[in-house]
Amino acid sequence: EDKVVQSPLSLVVHEGDTVTLNCSYEVTNFRSLLWYKQEKKAPTFLFMLTSSGIEKKSGRLSSILDKKELFSILNITATQTGDSAVYLCAVIIQGAQKLVFGQGTRLTINP
Amino acid sequence: NAGVMQNPRHLVRRRGQEARLRCSPMKGHSHVYWYRQLPEEGLKFMVYLQKENIIDESGMPKERFSAEFPKEGPSILRIQQVVRGDSAAYFCASSPDTDLRNTEAFFGQGTRLTVV
Chain Y
1 EDKVVQSPLS
11 LVVHEGDTVT
21 LNCSYEVTNF
31 RSLLWYKQEK
41 KAPTFLFMLT
51 SSGIEKKSGR
61 LSSILDKKEL
71 FSILNITATQ
81 TGDSAVYLCA
91 VIIQGAQKLV
101 FGQGTRLTIN
111 P
Chain H
112 NAGVMQNPRH
122 LVRRRGQEAR
132 LRCSPMKGHS
142 HVYWYRQLPE
152 EGLKFMVYLQ
162 KENIIDESGM
172 PKERFSAEFP
182 KEGPSILRIQ
192 QVVRGDSAAY
202 FCASSPDTDL
212 RNTEAFFGQG
222 TRLTVV
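Protein chains in written order, with our numbering: chain Y, 1 to 111; chain H, 112 to 227.
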């Protein structure tokens, strides 16, 4: 069965800290990995990673994929209270039109 | 261009009633996906539809659940004879006509179903 596992499940840090969120996967036929941020309701897209070792960056957020070790990390530097959210990792299976999600990491940034 | 619209946002049903959840995809999108999110869990794929066709329903429970995406109107996820375990947030996503790339699968705000 295709599986995506995120860690930690929950993380509380102070504003200004740097955090690293982890996502590992075991799937039959990997195509891409995606990161989403979920605040109150709808998940919003952050990154899609298809190739190993190429860092994607957007402001204070960055992410990288390791296809040999089957994991990805999402880094957030200089965290702000607005970064508080659930961060979801999902994998697209080759040939299937669906996302397999991990259980999410709940990140809380305290002022 | 309005985003993916789901309604209602909140739905309360008694056990045994029917729940109908609606999803209007973004303009120009003809691919619709339904996901379910149980409390403190990630989203679980339920069904993928194109106009008038169910393409992949591998995540749909075998009984009581059905989905449609008619030629005109929104996609509907229908749950008959609801039970407490159906309480969850149901998200719809849509993507464009030309090619299914999940980076362009935009999510709606979700419908939170509570079965009492």
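Take these hints with a grain of salt, some might be off.
Lysine-lysine pairs mimicking DSS-like chemistry, simulated, CA-CA at most 30 Å apart [said to hold, decoys possible]:
#1 LYS68(Y) to LYS182(H)
#2 LYS56(Y) to LYS138(H)
#3 LYS67(Y) to LYS173(H)
#4 LYS155(H) to LYS57(Y)
#5 LYS162(H) to LYS68(Y)
#6 LYS182(H) to LYS56(Y)
#7 LYS173(H) to LYS56(Y)
#8 LYS57(Y) to LYS37(Y)
#9 LYS138(H) to LYS155(H)
#10 LYS41(Y) to LYS155(H)
#11 LYS138(H) to LYS67(Y)
#12 LYS182(H) to LYS3(Y)
#13 LYS41(Y) to LYS162(H)
#14 LYS155(H) to LYS68(Y)
#15 LYS182(H) to LYS138(H)
#16 LYS56(Y) to LYS162(H)
Hints in this document: simulated from the structure, not taken from any laboratory.
Verification of the supplied hints:
For a cut-off of 30 Å, the pair hint linking LYS68(Y) to LYS182(H) is broken: about 44 Å separates their Cα positions. Our distance criterion of 30 Å between C-alpha atoms is met by LYS56(Y) and LYS138(H), whose separation comes to about 29 Å. Of the supplied pair hints, the one linking LYS67(Y) and LYS173(H) is violated, its CA atoms being roughly 34 Å apart against a limit of 30 Å. Proposed proximity of LYS155(H) and LYS57(Y) is supported: the alpha carbons are some 27 Å apart, at most 30 Å.
A distance of roughly 38 Å separates the Cα atoms of LYS162(H) and LYS68(Y); the hinted pair therefore is violated under the 30 Å criterion. Taking the CA atoms of LYS182(H) and LYS56(Y), the gap is near 39 Å; set against the 30 Å cutoff, the hint is violated. At roughly 40 Å between alpha-carbon atoms, LYS173(H) and LYS56(Y) are farther apart than 30 Å, so this suggested pair is violated. Pair hint LYS57(Y) plus LYS37(Y) holds up; C-alpha atoms about 15 Å apart against a cutoff of 30 Å.
Restraint check for LYS138(H) and LYS155(H): the C-alpha separation of about 25 Å stays at or below 30 Å, so the hint holds. In summary, the hint linking LYS41(Y) to LYS155(H) is supported, as the alpha carbons are separated by about 15 Å, within the 30 Å threshold. Straight-line distance between C-alpha atoms of LYS138(H) and LYS67(Y) comes to about 35 Å, which puts the hinted pair past the 30 Å bound. Between LYS182(H) and LYS3(Y) the alpha-carbon distance is near 34 Å, which puts this suggested pair outside the 30 Å criterion.
In summary, the hint linking LYS41(Y) to LYS162(H) is supported, as the alpha carbons are separated by about 26 Å, within the 30 Å threshold. About 26 Å separates the Cα atoms of LYS155(H) and LYS68(Y), which keeps this hinted pair within 30 Å; it holds. In summary, the hint linking LYS182(H) to LYS138(H) is supported, as the alpha carbons are separated by about 14 Å, within the 30 Å threshold. A hinted pair counts as satisfied when its Cα atoms are at most 30 Å apart, and LYS56(Y) with LYS162(H) does not qualify at roughly 34 Å.
Of the hints listed earlier, those the structure fails to meet are numbers 1, 3, 5, 6, 7, 11, 12 and 16, in rising order.
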